[in-house]
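Peer 1: Sequence:
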Amino acid sequence: MGISFDNIKTILRRELRGYFNSPIAYIVVVIFLIINGWFFASSIFLINEVTLDNFLGNMPLLFIFFIPAMTMGLFSDEIKSGTIEILATMPLKDEEIIIGKFLSAFSLMAVAISLTLIHPITLMFLGKVDMGQVIGSYSGLYLLSASFVSAGVFCSALTKNQIVAFIISFIICFVSFMFGKILSFVPAFIVSFIEYLSIDYHFGNISKGIIDSRDLIYYFSVILFFYYMTVSVLGSRRWK
Numbered sequence: 419m420g421i422s423f424d425n426i427k428t429i430l431r432r433e434l435r436g437y438f439n440s441p442i443a444y445i446v447v448v449i450f451l452i453i454n455g456w457f458f459a460s461s462i463f464l465i466n467e468v469t470l471d472n473f474l475g476n477m478p479l480l481f482i483f484f485i486p487a488m489t490m491g492l493f494s495d496e497i498k499s500g501t502i503e504i505l506a507t508m509p510l511k512d513e514e515i516i517i518g519k520f521l522s523a524f525s526l527m528a529v530a531i532s533l534t535l536i537h538p539i540t541l542m543f544l545g546k547v548d549m550g551q552v553i554g555s556y557s558g559l560y561l562l563s564a565s566f567v568s569a570g571v572f573c574s575a576l577t578k579n580q581i582v583a584f585i586i587s588f589i590i591c592f593v594s595f596m597f598g599k600i601l602s603f604v605p606a607f608i609v610s611f612i613e614y615l616s617i618d619y620h621f622g623n624i625s626k627g628i629i630d631s632r633d634l635i636y637y638f639s640v641i642l643f644f645y646y647m648t649v650s651v652l653g654s655r656r657w658k
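Residue numbers (my numbering): 419 to 658.
In case anyone wonders, no lab produced these hints; they're calculated from the structure. A quick note: this is a predicted structure, and the numbers were derived from the prediction, not measured. Idealized CB from N, CA, C, for every residue including glycine. Certain hints may be false.
[What the hints assert, rightly or not] Calculated pairs, DSSO-like style, for lysine-lysine (alpha carbon to alpha carbon, straight line, at most 30 Å): (1) LYS578 x LYS427; (2) LYS498 x LYS427; (3) LYS626 x LYS599; (4) LYS511 x LYS427; (5) LYS578 x LYS498; (6) LYS427 x LYS546; (7) LYS599 x LYS511; (8) LYS498 x LYS511.
[Said to hold, decoys possible] Derived Cβ-Cβ restraints for the label pairs, each shown as a range: (9) ALA506 x VAL604: 38 to 48 Å; (10) ALA528 x LEU479: 32 to 42 Å; (11) LYS427 x GLY550: 33 to 43 Å; (12) SER460 x THR428: 42 to 52 Å; (13) GLY436 x PHE607: 41 to 51 Å; (14) SER440 x LEU535: 32 to 42 Å; (15) LYS498 x ARG435: 33 to 43 Å; (16) ILE612 x THR428: 34 to 44 Å; (17) VAL582 x LYS546: 43 to 53 Å; (18) GLY550 x PRO509: 45 to 55 Å; (19) PRO509 x SER654: 19 to 29 Å; (20) ASP548 x ALA528: 15 to 25 Å.
With the hints as extra help, turn the sequences into a complete structure.
Peer 2: What follows is the structure, encoded as structure tokens:
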């Protein structure tokens, strides 16, 4: 039998209820929006530039902190409380559970990202907006957040400790982001390889408004890599 979308929707609704019944999700989203608002306002009032560069350029950095915080409990809470064993006895496939949890965290991040569209809209009344930059950057932000969420889901499946899950996820996101910042320190013959591994490099490409299939392949490869890694982790738990 294939994957049941009804089961995925059941997990998705369950996880979204968990998010909205907890103050943590609201706190994380509100802080995320406040910091983004500060980046936007600082460009106008401190730097005195009517531009989105500072605002859009710093949002991926926030993902490194906020997405691990939003995903750290997806599986670790289940493992700690023992409900992961209950899920294992239900007519649910590991793939359905993973996809449902992934979609719940990504949906929350997508809403948070979408709420920041108020800033480009505001800028339309203050100056000239490069719509290609806006469309490209937001497309990149959704793909980047999906990649980090997939990594966060995997890290949460590794441990019953939320803090450990957060730290591992943070390290993965941070390292993948920093690959592009160390190019001047690596041998010339591997520069292209390291650059391709940099998640920020691909975001930079898409944010220019140019959608390249290589960048799309990279992001979907990252998402699928961590998805299958999570499937493997959950599968190994069933045999313990």
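Peer 1: It remains to establish, for every hint, whether it holds in the given structure.
Peer 2: The hints, checked one at a time:
| no. | hint | in the structure |
| --- | --- | --- |
| 1 | LYS578 x LYS427 | 24 Å, holds |
| 2 | LYS498 x LYS427 | 24 Å, holds |
| 3 | LYS626 x LYS599 | 18 Å, holds |
| 4 | LYS511 x LYS427 | 13 Å, holds |
| 5 | LYS578 x LYS498 | 5 Å, holds |
| 6 | LYS427 x LYS546 | 41 Å, violated |
| 7 | LYS599 x LYS511 | 40 Å, violated |
| 8 | LYS498 x LYS511 | 20 Å, holds |
| 9 | ALA506 x VAL604: 38 to 48 Å | 44 Å, holds |
| 10 | ALA528 x LEU479: 32 to 42 Å | 18 Å, violated |
| 11 | LYS427 x GLY550: 33 to 43 Å | 35 Å, holds |
| 12 | SER460 x THR428: 42 to 52 Å | 43 Å, holds |
| 13 | GLY436 x PHE607: 41 to 51 Å | 48 Å, holds |
| 14 | SER440 x LEU535: 32 to 42 Å | 25 Å, violated |
| 15 | LYS498 x ARG435: 33 to 43 Å | 19 Å, violated |
| 16 | ILE612 x THR428: 34 to 44 Å | 42 Å, holds |
| 17 | VAL582 x LYS546: 43 to 53 Å | 47 Å, holds |
| 18 | GLY550 x PRO509: 45 to 55 Å | 47 Å, holds |
| 19 | PRO509 x SER654: 19 to 29 Å | 21 Å, holds |
| 20 | ASP548 x ALA528: 15 to 25 Å | 22 Å, holds |
Violated hints, listed in ascending order, are 6, 7, 10, 14 and 15; each of the other numbered hints is respected by the structure.
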